[in-house]
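Chain Z: place on chain C using the hints.
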Amino acid sequence: MDAHAGKHFPRPTPVSRPYWDACREGRLLLQLCSGCHKHQFYPRIVCSHCGASTLEWAQASGRGTVQSFTVVRRPVSPGYAADTPYVIALIALAEGPVMMSNVVGCAPEDVNVGMPVEVLFETWSEEITVPKFHPVATGA
Amino acid sequence: MHPLRGAIAIVGAADTAVGVVPHMGATELCVDAALRALADAGLRKDQVDGLITCNAMAEPCMYHAETIAEYLQIFPRYCVSAATGGGTTFAALHQAASAIMAGLCHTVLITMADSLRSGMSRDQAMKTQSSCGHPQFESPYGPTVPSLYALIARAHMAAYGTTPEQMAEVAVACRAHAALHPGAQMREPITVQNVLASRLIADPLHLLDCSLVSDGGAAVIVTSAERARDFPHAPVYLLGIGEGHSHEHISQAHSLTTSAARESGERAYAMAGLGPSDMQFAQLYDCFTPTVMVELEDLGFCGVGESGPFVQEGHIRLGGRIPVNTHGGLLSHCHPGNPGSMFALTESVQQLRGNAGVRQVPGAKVGLAHAQGGIMSSHATIILGTERN
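As given, the protein sequences belong to chains C and Z, one line each in that order.
Mapping the first sequence onto my numbering, position 99 (from 1) lands on 163, and the numbers just tick up by one.
Mapping the second sequence onto my numbering, position 339 (from 1) lands on 367, and the numbers just tick up by one.
Derived, one-sided and incomplete: chain Z residues facing chain C with beta-carbon distance under 7 Å: (1) SER158; (2) GLN164; (3) PHE165; (4) GLU166; (5) PRO168; (6) TYR169; (7) GLY170; (8) THR172; (9) ALA178; (10) LEU179; (11) ARG182; (12) LEU228; (13) ILE229; (14) ASP231; (15) LEU284.
What the hints contain is simulated information worked out from the structure, not anything from laboratory work.
Beta carbons: idealized from backbone N, C-alpha and C, even for Gly.
Next up, chain C with everything else stripped away, as it sits in the complex (with noise of 0.2 Å):
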């Protein structure tokens, strides 16, 4: 838990509140539409896609692909520095929405656009989990 003092902790909102309930379980979830049958994230009291307020949860399959990213080599600030030099990148999900998230689990330097990623969870405290994305094994 220690290794993440410093860092921005989110904090949760009464809509939010599902969202990281379930990455505390290892899961991640999306609003899904009963209206249009569209996901989307981050989640609001309203589909972004057709304006109806009848939402959802449901689990994503927590695999996408890398729409763009940057290697951060200054850090936001010293919460971070461990981490340096970190990936900050937008997520494609298989769903349709883009999430930003962190890539790890490989070098820096072998993240490119179009890279297949999945989640997986990282615990900075009882209450908080945080999504991040690694690649797709190859074969897998």
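Same frame as chain C, but now just chain Z:
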């Protein structure tokens, strides 16, 4: 014809000293800019009845415009603190134009300044930097502002084969222009090799791909075209203005390689009845070099995906097809945060008055300036000209 076209004009424009200005705080720089613009317009402070400012990071106030009015002892009937990040300056011009057209006031002072170099405590600087991104869905991953723009650079490289060398040319061109501006913060010429040899901040962005951190302020005075005839300097007319707003957080952007500059530009061109080929200069928001690449494409100065070769061929230099950032821009003139594009505005006024000295675009009669804020989030484009019709 749109009722705003040619309806208002800039009659005063001035910059403070910029760069490292330790003898004044952000509030004083804002007041200094105001006093200089009033002097440039030949106005007494009580002849201004509208005031627009933006908050300063170094000296934030609950009611910023009121603070500046109080300091100056002016008593406006229209008083607003604007806030759309780097797009604030031209959004403020939009508000000033609307307020004048609606009869809310007749002469607006827009003054903005910050003291990011000398006036920020270490705590303030840290807090400002670490507050970037969505607090739940981006910030935990440790993004820095350069890293968010690096995502745009990388996407452009992947989509169009744009290279770091091509992006570096934006910084080189801006520096070459700043070398011709006696007040610019950085005037030593640089090469593409210098940019690529500077340290990596967030791949593919090097230190010299990133804009400056500066103290400084600038102000303009805006009034109706009718009133604008009676000032010491020839009026500079607002011929077109448009905004576009697409997202706040980059992970929510519908595209990484195009932006709402497309919409803001189309709106400004439509109002002006002019197009990109009519522009004699373009002051483009250049917080990072890839920002300029996307704007060149979105504003129609080159085709989609073609900004790399376009820049490399020298077209954005003075004497090129569309000189960009004739003052040096945020990359080399100065970048005190939200007020950054005020200098693009005051430079445009100097160019259109024919007062830009060795960096003058010969015979400049019409030009464009574009500002954006957030992470390619809020966009405002203006078209200025020397003739009302």
